[in-house]
Amino acid sequence: MTHSATHQLRYIGIWLALVVLTIVTVTTAGLGVGRIGILIVLAIAATKSTLVLLWFMHLATEKRLLLKLLVPIAVGVLAIFIGLTYTDVLTR
Amino acid sequence: METGINVGLEIRDKKVFSRVGMWLFILSEILIFGGLFLLYAMYRAKHPADFHAASLELSRFDGTLNTIVLLTSSLTAALAVFSLQELNKRRRTALYLAATVGCGLVFLVVKAFEWGAKFEHGLYPRAAVLDARPHGEILYFGLYFMMTGLHALHVIIGMVLLSVVLVWVLQSKVSQQRSAILENGVLYWHLVDVIWIFLFPLFYLIS
Chain A
1 MTHSATHQLR
11 YIGIWLALVV
21 LTIVTVTTAG
31 LGVGRIGILI
41 VLAIAATKST
51 LVLLWFMHLA
61 TEKRLLLKLL
71 VPIAVGVLAI
81 FIGLTYTDVL
91 TR
Chain B
1001 METGINVGLE
1011 IRDKKVFSRV
1021 GMWLFILSEI
1031 LIFGGLFLLY
1041 AMYRAKHPAD
1051 FHAASLELSR
1061 FDGTLNTIVL
1071 LTSSLTAALA
1081 VFSLQELNKR
1091 RRTALYLAAT
1101 VGCGLVFLVV
1111 KAFEWGAKFE
1121 HGLYPRAAVL
1131 DARPHGEILY
1141 FGLYFMMTGL
1151 HALHVIIGMV
1161 LLSVVLVWVL
1171 QSKVSQQRSA
1181 ILENGVLYWH
1191 LVDVIWIFLF
1201 PLFYLIS
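Chain order of the listed sequences is A and B. Going by this note's numbering, the first sequence opens with residue 1, and the numbers climb by one from there. Going by this note's numbering, the second sequence opens with residue 1001, and the numbers climb by one from there.
No lab work stands behind these hints, which were simulated from the structure alone. Built from N, CA and C at the ideal position, the CB exists for glycine as well. Treat the hints with caution; some may be incorrect.
Once the Cα atoms are required to be at most 27 angstroms apart in a straight line, the calculated DSS-like pairs of lysine-lysine come out as [what the hints assert, rightly or not]:
(1) B:1046 <-> A:68
(2) A:63 <-> B:1014
(3) B:1118 <-> A:68
(4) B:1118 <-> B:1046
(5) B:1046 <-> A:63
Not close to chain A: a few residues of chain B, all C-beta gaps over 12 angstroms, as computed [stated by the list, open to error]:
(6) 1045
(7) 1077
(8) 1079
(9) 1108
(10) 1175
A few chain A residues facing chain B, derived, Cβ under 7 angstroms [what the hints assert, rightly or not]:
(11) 18
(12) 19
(13) 20
(14) 29
(15) 31
(16) 49
(17) 56
(18) 86
(19) 91
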């Protein structure tokens, strides 16, 4: 198999994984698993966006550390903001 | 040879700078939506039952369909960049870009039907029907229109951007050697997809 065919197949593979994860998340939400349901769908969303960032937006092969870490750091800070605010409001 | 003013920059440097600039822009976009996600988390913590009830009124089918449409558009966008940068195939690049913009259009049409159905039922900001509902539901629909509306605006901007790039590819203004605008335009499109990946479960799958 040629080099370029492998690359294009990888893109299609990532797309397929994203579609499968979408179907999984919709199915899980339909089961009515209760309070942890939100955690499951958010974990799947995080997985999907990681796939897009790594393979479609090429962060997996990015050589510059600054660009590689920019989004993870921003998302980490946001997760702390949102997580702490959420628990604060919940426990008030 | 690169023409123009020589300030000691290699073409390779310029490519890196344009990428750094694009990622900084993406960072700012993440923070814009991050603020809205923060609001969502807070109001949801205060009104879990109302959010649950309001979420039942969204069409899960439409949301899932739009998710798959956007994921597909991300695939064609990635293949467009690959076709130009690695294969140097202009027509194929243009076709992939057209498919991407087409998917964007499908997404907007589905969204328009969804919003239209809500409007028909009197569910829009400041509507009497909505204002008579519990406080949490008013907040839910306020966030729903704000966040999906801002996202749809991004879809429209991305479609315009990629359409212009499509024309430039056909005119050879964008080529294998000068593909930064294509690469960055597609990065923007992927960002729009990533934001939707989070909007979808938070509004459609919490009931």
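Are any of the numbered hints broken by this structure? If so, which, sorted upward?
Hints 1, 3, 5, 6, 7, 8, 13, 15 and 19 contradicted; others consistent.
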